[in-house]
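Student: Sequence:
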Amino acid sequence: MLKLSRLSARSRFILNILVTIASLLLCTFLSLMRLPGMEILGISPNWLLIWLVSWSLNRSCLDSVVAGLAIGAIQDSLTSNYPSHLMVFGLIGFLTSRLHRQRYVKEELIAVVLIVFVMTLIADGAIAFQYYLQGGKNLADLWLDYQRIGLTSALLSSLWTPLLYYPLQQWWRQFSDL
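Here the sequence shown stands for residues 1 to 178, where the numbers follow the UniProt record's numbering.
Just so you know, these hints were derived from the structure itself, not from any lab.
Hints are not guaranteed to be accurate.
[Stated by the list, open to error] FRET-style restraints, in silico, Cβ to Cβ:
{"no.": "1", "residue 1": "L144", "residue 2": "R173", "range": "38 to 48 Å"}
{"no.": "2", "residue 1": "W143", "residue 2": "F175", "range": "38 to 48 Å"}
{"no.": "3", "residue 1": "A70", "residue 2": "Q170", "range": "21 to 31 Å"}
{"no.": "4", "residue 1": "F13", "residue 2": "P167", "range": "13 to 23 Å"}
{"no.": "5", "residue 1": "L144", "residue 2": "R10", "range": "50 to 60 Å"}
{"no.": "6", "residue 1": "Y132", "residue 2": "T79", "range": "15 to 25 Å"}
{"no.": "7", "residue 1": "G136", "residue 2": "I21", "range": "30 to 40 Å"}
{"no.": "8", "residue 1": "L163", "residue 2": "G135", "range": "33 to 43 Å"}
{"no.": "9", "residue 1": "K137", "residue 2": "P162", "range": "30 to 40 Å"}
{"no.": "10", "residue 1": "M38", "residue 2": "T79", "range": "16 to 26 Å"}
{"no.": "11", "residue 1": "L41", "residue 2": "W171", "range": "25 to 35 Å"}
{"no.": "12", "residue 1": "Y166", "residue 2": "S11", "range": "16 to 26 Å"}
Cβ atoms here follow ideal geometry from the backbone N, Cα and C, with glycine treated the same way.
Please model the entire structure based on the sequences and the hints provided.
Tutor: Printed below as a string of structure tokens:
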């Protein structure tokens, strides 16, 4: 087992950055994969949103918004750029950070699962609103699609949250204690 206290401050900083980037890359790859048992109705968890909520809970609003914008850019590069995920993930980073700053949320796992559920609904709602602004679909069809996609994605994302949240929080807590 690697003892972080034996490493220099610079080595710990670099190691923390590498672990953070590796976890973000893992979430990006998981977003592209459709593993058996990980999807319902062709919809899979929003891994990048789970990562963003995990990151934003202990960060400042500015850090969370910048991370959200970066993740939104990653998501837009993997999918089409319209509807844009850039502003949606920026908003999610801001809201999550503000929830924690206002002390509405403790770091209990069930609270984090509920935050991911709500933030997924907000993100999917913002995407659906962008589709509405674009035109092409009437509001009734869009609402039916949003219900199916939003609730399924929120349910799956919240169920898979502990798999990502707990190890990352343990790492970041261990790193910050030094």
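Student: To test your reading of the hints: which numbers does this structure violate?
Tutor: As far as the earlier hints go, not one is violated by this structure.
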